[in-house]
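Got chain A; can you put chain B on it based on the hints?
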Amino acid sequence: MDNLVKITIDGITVEVATGTSILNAARQIGGDIVPPAMCYYSKLEGSGGKCRTCIVKVSKGSEKDPRPMPKLVASCRTTVMDGMEVQNITSPEVLEARNGVVEMLLINHPLDCPVCDQAGECDLQNLSYEHGLQKTRYEFERRTFERIDIGEKIQLHMNRCILCYRCVFVADQITNKRVHGILNRGDHSEISTYIQAVVENDFSGNVIDVCPVGALTDRTFRFKNRVWFTKPVDAHRNCDHEKCDGKVTLWYKGADVLRVTARKDQFGEVESFICNTCRFDKKATSDWTIEQPTYISDTSVIASNHYETFMPLPVIKENLALQEANKVELEKTVKF
Amino acid sequence: MSRKLLLEHINVPGINTLEVYRQKGGYRAVEKAIKTLTPDEVVEEVKKSGLRGRGGAGFPTGMKWSFLAKPEGVARYLVCNADESEPGTFKDRYLMTNIPHALIEGMIVSSFALGANTSYIYVRGEMMPQIRILEKAIAEAKAAGFLGKNILGSGYDLELYVQPGGGAYICGEETALLESLEGKRGNPRIKPPFPAIAGLYGCPTVVNNVESIAAVVPIINDGGDEYAKIGIGRSTGTKLISASGNLVKPGVYEIELGLPVEEFIYSDEYCGGIANGKRLKATVAGGSSVPILPANLSLKYANGEPRLMSYESLAEGGFATGTMLGSGGFIAFDEDQCIVRNTWNFARFYHHESCGQCSPCREGTGWLEKVLHRLEYGHGKMSDIDLLVDVAKKIEGNTICPLGDAAAWPVASAIKHFRDEFEWHVKEPRKSQDGNYGIANYAVPIEKVVVAEV
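Quick note, the sequences are listed as chains A and B, same order. Letter by letter, the first sequence follows residues 6 to 341 of my numbering. Letter by letter, the second sequence follows residues 23 to 476 of my numbering.
Hints may contain errors.
Simulated DEER-style distance windows between Cβ atoms [what the hints assert, rightly or not]: (1) Glu248/B <-> Ser64/A: 43 to 51 angstroms; (2) Tyr199/A <-> Glu285/B: 50 to 58 angstroms; (3) Ala474/B <-> Gly66/A: 36 to 44 angstroms.
Treat the hints as calculated values from the structure; they're not laboratory data. All C-beta atoms, glycine included, are put in the ideal place defined by N, C-alpha and C.
This is chain A alone, in the form it adopts within the complex (with noise of 0.2 angstroms):
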């Protein structure tokens, strides 16, 4: 096979294409041996690298050339070569530089969660709690700025930025204008939109889904309710814009949809974009078409009291009669 290359992650063998990542090869694989990412993106190209989150040890380059990478490498923009084995959380050397990283990603940052929006669906936050320490070594005074409103519907929270440019990616790649971008350099760096000018276009309000703190907040979500408390279902209506399909997840708190949001995916990823007018202003229930709640991993908070399909026990499944004392049940299952 040419095309294939075989990869072994953690002693877990997996045939991937030529020129994957080490990363993405690994979420072929799934479960724990995936590499957080705070920074790489897969919808957005030149994305990763930078939060030094997903780091692993090369212990062997290739078949070709068994020599192992002398550094950690970032296995997002690694790619992967016939007969190389990456060492991720077998390894105590990436354990011991992932939590280093994640301290270093703090010790900044306001980790003011109780009152963050993002709280809960933070990735930041699920990181902290896997490899960060009980408490700061930091005792310096943190940096801070002032929040600033870009545009209507957006609010940039810079203290809680980590810097991951991923909102740089997306008006840089799906919005047809960008004017926003970091100004400065080194921990003073901010996202900054030049003289406090506002983001606006179709598809602006996409930076908020692929920020993975609570720098850029929905505006209009604001304060309206911890996710938690609320709950998500997927959704869909005919969008006339011709670059978004429509596809959404509604996040209800009793009968009233309180935000809009685009489809994530089991890694934080959205399935597609979506447009500014779906996420803002299409908040009623009749202007949707449920499909079914959505799939919230068991790991989440948010999963803490959500409804999930209805699985019915392996016993009714094997006996007739069963089935047919639960039917309605049952067929909730199908229909919900």
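The following block gives chain B in isolation, referenced to the frame of chain A:
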């Protein structure tokens, strides 16, 4: 007197003009290369010479050139990295100010070897006088027919441009330099792909230091084998050293690699010893990024043999007792200098110059700077010293570009060798503000270890 190749005619009046430079044998290399050699033969000569990159990493130049991808129909570029901003290094500025034609000549020969028809010299933005000098020199060379269309009737075309830099240390990193040259924000690219495959505007590119390119001229004039005879071992040729600090005669010196460090500091031909009759406390051998060494380890190896100025000899002993030649920015500290303050100063520089792209460097350099500031001003704690070591370790090797390593090494090595001085700053905060720790035992010669015969 050791041999001078680059600075041979430095004191000739008017050497910065084409006329005088020609009288002293200038542009012979261009004539020889373009008229009698093929590009591959030039690369072969440079390979034979064993020339190693003079910008800091010491990668063999000929090897780097042979890695350049040569797809059909795609332009190739040569970029000269004159974004010299490392604290303690000022050799390239000296060379460009005084003998600009040495660089222009080297650029023509190197571009010919690589098949580049457009080449750039990316000069640090603060060096405005040097930019004007280079532009004047390029105009002179063009008028004399060494640049432009159909050089010396050979059919080879070359345009040479000078680009003022964006004003950041990070733009001296080769991929950040290319980004900056393209007109973007100077952030280092994530490698691979390396510039030899996809560099400037996505085309194969070679980025070389000023001194490496200038050194190509004597290599072509005398032949690679002749050049390889100078120096010691795999460190061939001559190297410009920018000596600064508490020396009697600081300045730019051209040395043959393999010169003992002791001779470089104390002989009258070079630095002439430590100023004001003081004693040497520590040296930084290759610019601010390399590990700092106490006086005893600077002059001798841990086993008592003399240390030489060469890539291998300075690195002898690894990170435990060695350092690196780096870009040749030699800084000497006398007994009155405070190592903690100096380390803080370096950390402040790297904090200021970190590009902010990857997290360990962006956050870690600031953290190092703040802790060192606290230590220097007498507010430190004993645990801060171990904290510094740990933070430096978490930055090192986990970043996109080598700036993270460069920020971590001076701190880690200063604590390794001068830990008692750091501890003194914690234990005696008041005294550390008024006086300094002094030389302690940092200059006590290391006894030569005699291996007992069994």
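Results for each hint:
1. Glu248/B <-> Ser64/A: 43 to 51 angstroms: Taking Cβ atoms as reference, Glu248/B and Ser64/A lie about 44 angstroms apart, which means the hint holds.
2. Tyr199/A <-> Glu285/B: 50 to 58 angstroms: At roughly 56 angstroms between Cβ atoms, Glu285/B and Tyr199/A fall inside 50 to 58 angstroms, so the hint holds.
3. Ala474/B <-> Gly66/A: 36 to 44 angstroms: 43 angstroms, holds
In terms of the numbered hints stated before, the structure departs from none.
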